[in-house]
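Undergrad: Sequence:
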Amino acid sequence: MLQIPDAINKEQSLKKHVTKSSFRESLQNEYNDYLNSQANRFDSENCLKIDLHCHDHNSDVPDELWGRILRLPETWLKTKELVSLLKKNNMDVITVSNHNNARSCWKLLDQGIDVLVAAEFTCYFPEYELYIHVLTYGFTKEQEVELNEKRQNIYDFLRYTAQADIPVIMPHPLYFYTKNEKIDLSLFEKLAVMFQRFEVLNGQRDLWQSVLTLNWAQSLTAEKILSYAKKHNLNPFDFAVDPNKPKILTGGSDDHTGIFAGQCGSNLYIPNLAKRLETEKPSALALEALREGNVSPFGQIGENQKLNIALLDYFSQVATKITDPGLLRIMLHRGSAWDKIGCFVVSNFLLEMQKNKKAMKFFQFIHDALQGKKPNKLIKWQTSKNYRFCFNYLEQIADSKHKSPEEFVSTVNDVIGKLFAYLNKLMATKIEETINHNKGPKLTNISTEEITRKFEVPSQLTALFFGNNVKKDNMSNVKVEKLLDHLSFPLLISTFLAGATLASTRVLYQNRNLLNGFADHLGKNRHQNKALYLTDTLRDKNGVSNSLSGKLKEIQKADLPIDFLICHTDIAPEPHLYVVRPISTFSVPHYGDQEIRIPDLMEIARIFYEGGYDRIICSTEGPMAVVSLFIQQMFNVPCYFFMHTDWIDFIKHGTDLTQYERDRVRRLLRALYNRYDGIFVLNSEHKEWLTDHEMQLEPSKVFLTAHHTQPRNANAKPMKKSDLFADATDDTPILFIACRVSKEKGLFDLPKILEKAKQTIPDLRLVIAGSGPATEELKEKLPEALFLGWQSKEQLSALYLTLDLFIFPSKFDTFGNVILESFVHGMPTLAYNCKGPKDIIQHNKNGYLVENINDMANKIVEFYSNDTQRSVMKNNALIRASEYQAEPIMHQFMCDLGLDIPSGYPTNKHNTHTTTKADAEPQYSSSENVYAQEKTVA
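Numbering (the numbering used here), first residue to last: 1 to 938.
There's no promise every hint is true.
With a straight-line cut-off of 30 Å between C-alpha atoms, the simulated DSS-like cross-links for lysine-lysine are [unchecked claim]:
1) K403 to K385
2) K373 to K78
3) K87 to K430
4) K275 to K321
5) K182 to K541
6) K541 to K377
7) K340 to K355
8) K355 to K88
9) K87 to K385
10) K717 to K701
11) K340 to K87
12) K430 to K182
13) K88 to K403
14) K377 to K340
Pair by pair, the computed Cβ-Cβ distance ranges are [as the list claims (entries may be wrong)]:
15) S584 to A337: 58 to 68 Å
16) W647 to N866: 38 to 48 Å
17) D339 to K701: 22 to 32 Å
18) G789 to S722: 12 to 22 Å
19) G517 to P902: 17 to 27 Å
20) H521 to K281: 34 to 44 Å
21) S410 to K524: 37 to 47 Å
22) N29 to G517: 16 to 26 Å
23) I379 to Q659: 55 to 65 Å
24) F787 to I761: 27 to 37 Å
The hints are simulated quantities; they were obtained by calculation from the structure and are not laboratory data. From the three backbone atoms N, C-alpha and C, an ideal C-beta is built for every residue, glycine too.
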């Protein structure tokens, strides 16, 4: 049996506790103060409790386009079940506010059950091409027909309700069922004139939206409403709105599944309630209180968690009950081509999923558990041991349903995260077992070139799924139906959980720009600007890791609005650093010691939400890139990519792939980078490459930045050269290089460079610091060189201070962080005139830029032949290092991200490197011009 749940609990105990951000805490405190004031507003003995916003199975036409295309109802909840839940939660008055009909209310009245007749009409706002909802109460059957006719125009609808004295409420004013670019603040000015009642507590909507709505409604003075009325040529009295009276604020659960019905609602105040109930129906008294505005909301906001639970229940029912919508229906229904393609894919996925009996049973168990019903114990013990954990989690959910609403919400969301992590670990284990039992080529025997060449799938679906007539030169030789047979249950359920979480949050934030603009208009409740920085490497033995560690150190020092997140087995959390434990780890064959770690997607999404972040950065193209794009879609936030590695150059210099095969990788990268809102690059050549015809990114999306220097290690002292070479003196010429020992670093140019330079400087030596896959091969080529392996920062500092010239033959690096390291210690650098080095090195001033091996050898000779020039170059290297200070680089980085700069944080100062194109280009071109002039003279 796979012992995973205990491992999950252990890993979760290691994760840094994520507390709510100050932004979300302030929202919660503000809203709690409001609810407390409302709880004491009326005498409870004279109040009727009602959930003004709930639905059952008669709400059968969904507002979401995909729901209509797929012929899905709003809910399968029966009227009887809803009424029972409302009574169980102590509602004194029953109402059912279904979409565009009151069938459930009429049915209840026919059964002799007192009910406040209601419906949630979908009305059209013509100038915005927008459909909005209007909760409507106390109408007759004849008026219902009229209301359905007039809802085609919101103005006609509201004028009619005003004339008929039918009270209406604007529900969730900041939530719309579609993304609409025409929505602006003028819409809310009109709503202020046209509505007297607004829903400020919605059990399925986000806390931020509720607080914004509350503050906006309470800010609507008579002067504002009258000015809006004049501006838009509207008469508030035509809509039964009295500008001199405060807005009436209401609450409701907005429940569609029967999970939260009656947990949020409104207290309706009726003087002498007990006496009046002797002769009047509760529904009539409720309608009176609603008309007069004697209303106070009650309940609790669960942020996105409640909607997540509701959609989880809804999707579990969709999975078991969906029927084929029909191809022609999908093709001929209104909506974009992408909507139709999406619905086609979803319907096929769900219909195929129905063939998996285990998955179907599990979906039914999820629905039952969310309703408080435990799975049958006999079924549990008949289930494979690897899957019994599912029943344990479902039992926890069912038990929590009978406790407090807060505990239920907390338990469900916690269980979803644990279940998702377990299922992914289970899949990783099954994949590993499949690979180990594979009779064909092992993964460890497949090179990165082979993987790239096979990176293709057939366009013929039968070949993909059944392996018919499969070509062996691509991934088609893996039969997908066999893979899915092993992974079907955990894959389906984990995809289902991730999809429900993404959908529930995405619908809340699809109009995030509107919410930000609304907060700006109010002058309060503006979402904080704060970025979460995802990386696959930190504290590892590579250059990217070193540069990111330096960036994190500056963030920690200045308390900047950026937090890092790394997936790692050993790193401990720090201030501004979250650590999540990997679900699985593996290594890419023939690519050194870098471990690939698969992160827990749901855990990172939770951290992002609770941490109050509003943008995301990703720095590597590994698993974190997938996570970053998931969060981008989930929360509708800007997503940026920091490009550290030139993968095209890497495969060009480190593999034997052809141009055609390299183009395959380039197209994949182009597709990836185009998904981001901005790309940060470390050199001007990359900026040009990303914006030209090969990559086709918008120039405005590409930002030039740089790594910054880190202070020299104060404990580091120069060594004696004789400590490295026994026969060396202080005058012995010694070159130095520190990098990953691999072919793409250009290290195999060194034998020829040294051979030529030694013709003039026979005593020339070379020290190499670093490790990598090409170490042994390079040792054979350079038997006289000193290989030190991986060195600590203190050891590197001592080497920089001891040796003479840094030699950097790489044409692959996007920046060359080691060049800055050498400059910090006063060591000049010799490098090829290519991207990265040419943006840092000033030719003949603090180093050399050359074109080929011969030039590099010649410059070594020149460097050692002129003691004065060597001394000047050392000083110039220190000066150049001072131009790459952290503050100005991070300042520009935050500006490009759109983050607020903390007060007092330094801006660009004298002798600092700036990362704007206008400033950077003269520096780069001057280096190249000096080099070009020298070549001309020669």
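Undergrad: All hints, please: hold or fail.
TA: Each hint, compared with the structure:
{"no.": "1", "hint": "K403 to K385", "verdict": "holds (29 Å)"}
{"no.": "2", "hint": "K373 to K78", "verdict": "holds (17 Å)"}
{"no.": "3", "hint": "K87 to K430", "verdict": "violated (48 Å)"}
{"no.": "4", "hint": "K275 to K321", "verdict": "violated (48 Å)"}
{"no.": "5", "hint": "K182 to K541", "verdict": "violated (51 Å)"}
{"no.": "6", "hint": "K541 to K377", "verdict": "violated (51 Å)"}
{"no.": "7", "hint": "K340 to K355", "verdict": "holds (23 Å)"}
{"no.": "8", "hint": "K355 to K88", "verdict": "violated (37 Å)"}
{"no.": "9", "hint": "K87 to K385", "verdict": "violated (41 Å)"}
{"no.": "10", "hint": "K717 to K701", "verdict": "violated (44 Å)"}
{"no.": "11", "hint": "K340 to K87", "verdict": "violated (41 Å)"}
{"no.": "12", "hint": "K430 to K182", "verdict": "violated (49 Å)"}
{"no.": "13", "hint": "K88 to K403", "verdict": "holds (13 Å)"}
{"no.": "14", "hint": "K377 to K340", "verdict": "violated (42 Å)"}
{"no.": "15", "hint": "S584 to A337: 58 to 68 Å", "verdict": "violated (37 Å)"}
{"no.": "16", "hint": "W647 to N866: 38 to 48 Å", "verdict": "holds (40 Å)"}
{"no.": "17", "hint": "D339 to K701: 22 to 32 Å", "verdict": "holds (26 Å)"}
{"no.": "18", "hint": "G789 to S722: 12 to 22 Å", "verdict": "holds (20 Å)"}
{"no.": "19", "hint": "G517 to P902: 17 to 27 Å", "verdict": "holds (24 Å)"}
{"no.": "20", "hint": "H521 to K281: 34 to 44 Å", "verdict": "holds (43 Å)"}
{"no.": "21", "hint": "S410 to K524: 37 to 47 Å", "verdict": "violated (29 Å)"}
{"no.": "22", "hint": "N29 to G517: 16 to 26 Å", "verdict": "holds (24 Å)"}
{"no.": "23", "hint": "I379 to Q659: 55 to 65 Å", "verdict": "holds (58 Å)"}
{"no.": "24", "hint": "F787 to I761: 27 to 37 Å", "verdict": "violated (21 Å)"}
The structure is inconsistent with the numbered hints 3, 4, 5, 6, 8, 9, 10, 11, 12, 14, 15, 21, 24, although it conforms to all the rest.
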